Amino acid sequence: MIRLVLPAALLATGFALAADIPANERRSGFDFMSSSTQQMQRDDTLNPAMLWVAEGEAQWSEAPAAAAKSCASCHGDAVGSMRGVAARYPAFDERRQKPVDLQQRINLCRETHQQQPALAAESRPLLGLAAYIGLQSRGLPVSPPQDARLQPARSRGAALFNTAMGQLNFSCAQCHNDNWGHRLAGSPIPQAHPTGYPIYRLEWQGMGSLQRRLRNCMTGVRAEPLPYGADELVELELYLNSRAAGMTVETPAVRP
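FYI, in numbering that gives the first Met the number 0 the residues of the sequence shown are 0 to 255.
Simulated from the structure, these hints should not be mistaken for laboratory data. If you're wondering where the values come from, they're calculated on a predicted model, not measured in any experiment. Glycine included, every Cβ here is placed at the ideal spot set by N, Cα and C. Please note that the accuracy of each hint is not assured.
[Stated by the list, open to error] Distance ranges between label pairs, derived from CB positions:
{"id": "1", "residue 1": "Ala229", "residue 2": "Pro255", "range": "21 to 29 Å"}
{"id": "2", "residue 1": "Val78", "residue 2": "Leu107", "range": "33 to 41 Å"}
{"id": "3", "residue 1": "Ala66", "residue 2": "Tyr227", "range": "25 to 33 Å"}
{"id": "4", "residue 1": "Pro140", "residue 2": "Phe91", "range": "13 to 21 Å"}
{"id": "5", "residue 1": "Ala66", "residue 2": "Pro187", "range": "48 to 56 Å"}
{"id": "6", "residue 1": "Val78", "residue 2": "Ala244", "range": "20 to 28 Å"}
{"id": "7", "residue 1": "Phe91", "residue 2": "Lys68", "range": "21 to 29 Å"}
{"id": "8", "residue 1": "Asp19", "residue 2": "Gln114", "range": "41 to 49 Å"}
{"id": "9", "residue 1": "Pro255", "residue 2": "Thr44", "range": "18 to 26 Å"}
{"id": "10", "residue 1": "Ala65", "residue 2": "Arg182", "range": "50 to 58 Å"}
{"id": "11", "residue 1": "Asn23", "residue 2": "Cys73", "range": "39 to 47 Å"}
{"id": "12", "residue 1": "Pro226", "residue 2": "Pro255", "range": "23 to 31 Å"}
{"id": "13", "residue 1": "Ala67", "residue 2": "Gln166", "range": "43 to 51 Å"}
{"id": "14", "residue 1": "Ser33", "residue 2": "Gln150", "range": "32 to 40 Å"}
Could you put together the complete structure from these sequences and hints?
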């Protein structure tokens, strides 16, 4: 049995351990931001993430090489063909026989249908395409696939969410289920619902994926971060999306 130990800095805030967040109490990270940051997300002319979206839109219609097809060659106008797609990922991939997230799907399409090398994790082109596709689902509910093949991976993701890790021996759930709304280092702790990825984070001064944020949290508890694309990170994404089912897609969101 793993012994969970709260760091002294957290104990001093009066944190308590609680159960999962009831569905009617779920709140987006948007609700924990200042009004000025909220306005930045609301207004596309102020939202810096729209620069990545514009680049993704251009990539959608451009062939990546002379003999290659563009995304639009197969999928047509993304406004129609991609509506609701991002809300359903991660999803089960038949060829890999495991779940993949949206950015992995983009790279699988590049490799299989465009005969191009995969885009690097956290690269501007990959984030741009993911943000542009994600934008087409903005305002729709997060809709995890009802696919029984995903359940083992989703269960492993839930277990990881609740497993203490790192030198601080701290789990995702202890922050985001048990102590949301409290403050840590002066910042409010949100509920960790992945409704807006990829996001523009003011701390990063740039865009980043959900996997980047998860790796940041692992580093924060002094754990070795899992590599980009690791099955465990995709499984954690899968669980987090299930936990946020029915909440509104905000892509591309802004966060502090």
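Quick rundown of the hints versus the structure:
no., hint, result
1, Ala229 <-> Pro255: 21 to 29 Å, "26 Å, holds"
2, Val78 <-> Leu107: 33 to 41 Å, "22 Å, violated"
3, Ala66 <-> Tyr227: 25 to 33 Å, "29 Å, holds"
4, Pro140 <-> Phe91: 13 to 21 Å, "20 Å, holds"
5, Ala66 <-> Pro187: 48 to 56 Å, "51 Å, holds"
6, Val78 <-> Ala244: 20 to 28 Å, "24 Å, holds"
7, Phe91 <-> Lys68: 21 to 29 Å, "25 Å, holds"
8, Asp19 <-> Gln114: 41 to 49 Å, "45 Å, holds"
9, Pro255 <-> Thr44: 18 to 26 Å, "20 Å, holds"
10, Ala65 <-> Arg182: 50 to 58 Å, "54 Å, holds"
11, Asn23 <-> Cys73: 39 to 47 Å, "41 Å, holds"
12, Pro226 <-> Pro255: 23 to 31 Å, "26 Å, holds"
13, Ala67 <-> Gln166: 43 to 51 Å, "47 Å, holds"
14, Ser33 <-> Gln150: 32 to 40 Å, "39 Å, holds"
Hint 2 from the list above is the single one not met by this structure.
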